[in-house]
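Given chain A's structure and the hints, the job is docking chain B onto it.
2 protein chains.
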Amino acid sequence: MNFTINKDVLLENLNYVGRALSNRNIIPVINGILFILNNEGLSLTATDNEITIKAFIPRDDIKEIREEGRAVIYGKYIIDIIRKLPNEDINIEEIDGGKAVISTHTSKYNLNCFEVNDFPDIKIETVSNPLKLTSGNFRDIVNQTVFATSTQESKALLTGINLKIQGNLLECVATDSYRLAKKHVKFDSVLDHNVNLVIPAKNINEFVKLLDVDDATVEVHPFTNKVMMKYKNILYQSSLLNGTYPNTDTLVPSDFEVIYKVNLNDFFNVIDRASILAQAKDKNIISLETNQNKLIITSSNPEVGKIEEVMNMEVIKGDNIKISFSARYMIEALKSFSGEEVCLYFNGEIKPIILKENDNGDLLQLILPIKTY
Amino acid sequence: MNFTINKDVLLENLNYVGRALSNRNIIPVINGILFILNNEGLSLTATDNEITIKAFIPRDDIKEIREEGRAVIYGKYIIDIIRKLPNEDINIEEIDGGKAVISTHTSKYNLNCFEVNDFPDIKIETVSNPLKLTSGNFRDIVNQTVFATSTQESKALLTGINLKIQGNLLECVATDSYRLAKKHVKFDSVLDHNVNLVIPAKNINEFVKLLDVDDATVEVHPFTNKVMMKYKNILYQSSLLNGTYPNTDTLVPSDFEVIYKVNLNDFFNVIDRASILAQAKDKNIISLETNQNKLIITSSNPEVGKIEEVMNMEVIKGDNIKISFSARYMIEALKSFSGEEVCLYFNGEIKPIILKENDNGDLLQLILPIKTY
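Chains A and B, in that order, are what the protein sequence lines are. Going by this note's numbering, the first sequence opens with residue 1, and the numbers climb by one from there. Going by this note's numbering, the second sequence opens with residue 374, and the numbers climb by one from there.
So here's chain A without its partners, still in its complex pose (with noise of 0.2 Å):
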């Protein structure tokens, strides 16, 4: 392997596969980033088994390819050093005895490499009718979503978001049992079969990390055991989860006694400041109550005192109500959503609290109340 590649081009598709470059793995060839270089163009690849990372460089977008070739090189020591490197031309050249010659007209660099057959044969797989997704389209129902999904490794498979495909809508669900996010999306195409997929919630924050523009197209490949998604020139394969993820629809009342309509943004900045002292000692509980077209929140420490917010809200529907839950569920599900309203919805004090921006509304965020007496 002998070539010349600009500085830029190539620090640009370390750093997209150097995301799955673990530092807690024991097995050292895969701290390494698999370059294979043939006459279409270089291929870089890491994986730390869990997540497969795969980024291809056109041959165009390569200065000079002197002789194909392949090699192992230690991913956290390149990325330094194309990173520290001015921006200029690189030549990298696999010399015998395994080793990797990096070099500049100013600079030379020699790295071991690992044994390229040692490095771990991922077969990355594509369907030939993937899920196509804008990519801002993609991050925003990931967003929307992922931060309901648990961290306790006992909920195993709530630690991922179900991806569920029927016909022409695209559901995706995460939940800590606590609160719940649902977000759907209709399709003018239709796939010919369903897919029902639960992904690593760490996997698909990294992946979704990669989405540096919003107009590019996203391909979901589902398989039994993995799934593999496209952006521009970049593979990522991840696990699934295994199991029958929970049928979530149950928990969703279709009918609801009160309803109230609030400004985002006060309601937001309302429940942060009333956060505040339920910060205290992991007790997260703030109260809501009503009073006609008056919100009330108030929070209170019996070692620090009492917080009492009040703000105006829109009645659509019912009587006044009293009910507690958690401040920080109630931020993280109010920051999914981008109107400038949104509606609250009630069956009573013990009842879920459902958030959504109106009837019609395409997220829905749920959350339990917490009984306080």
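None of these hints come from the bench; they were simulated from the model. Hints may contain errors.
No more than 25 Å apart at the CA atoms, straight line, and that leaves these computed lysine-lysine pairs for BS3-like [as the list claims (entries may be wrong)]:
hint, chain 1, residue 1, chain 2, residue 2
1, A, K306, B, K449
2, B, K496, A, K306
3, B, K679, A, K7
4, B, K449, A, K84
5, B, K679, A, K76
6, B, K667, B, K496
7, A, K261, B, K575
8, A, K132, A, K164
9, B, K537, A, K108
10, B, K575, B, K505
11, A, K84, B, K667
12, B, K634, B, K724
13, A, K108, B, K603
14, A, K335, B, K457
15, B, K679, A, K84
Leaving out everything else, chain B in the frame of chain A:
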């Protein structure tokens, strides 16, 4: 105590004194900020017994004073509350039973207060003839030296910077015994007595973070066991380290066998890149070798590989040299210079390396070489 004040005015000053709040306090009352309101204005004081910060808001910057008084309010919470309130007028009232009521037209916070009498009675004193510098100048002096202080508690005195004033000369020194940073500044005025202080590095660092403009004045008021620094409306008092700071004058040779001049930016980048491999496993050693007007930096790490960097330089005096040193120390020393070029002074491979902008530079960095054979 009962008054109305603009949010931004109060927040700015709370943030100043908040730097003295510590999370590690076992004395509850010093989690509080002492408010003293009288007809001249509002003073805010916080202390961790090591540093004490007092900010003063003059009467004219307060919307209304209804009743003078004093209170000690939980620092963390009042800062959080004021920060999250919209920018409008805020009422603060101390009510019976040691509670502070913070209110706007829609928010009401009741915070339990600490006993005013429990708050440490720390005198903040001034001298009649303080040392005066511009804030930009003061920040430079500190930032160009403080990084060389020791972080080892066992070398207590070296965890501070030594500030010496003799006549019209201020000298600031920091050393961890492996390297040394020294800056001197001449004044127009002459102080009538000598000053020799050792200020804990973390305290001076916190003070320097307050210096948000370059052209204000910093006053240094020295005492036997403390120093008070004044900036804008802020009084910042720090304890001192006790003991006789080592005399470092004899460490710096007056003659040198070898002098090179290098481009600062190029030299920094070369060292920075060579340090990539040196970082591994705390071994931070890189070697510098010269050949005519070529400067060659090498480093190696048996497990990973080796690096060689070549750059041009100007030989002011002397022959070729070969010397090894800590990449991190060199990087930190180089960051303290701002000119285009820097001079390197050597007396053989086991004698200190000196860096100065030129022979008359007022900033000196010394690094001990490392024997590699």
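| said: Let me make sure I understand: some of the numbered hints might not hold for this structure. Which ones are they, in numerical order? | reply: 2, 4, 6, 7, 9, 13
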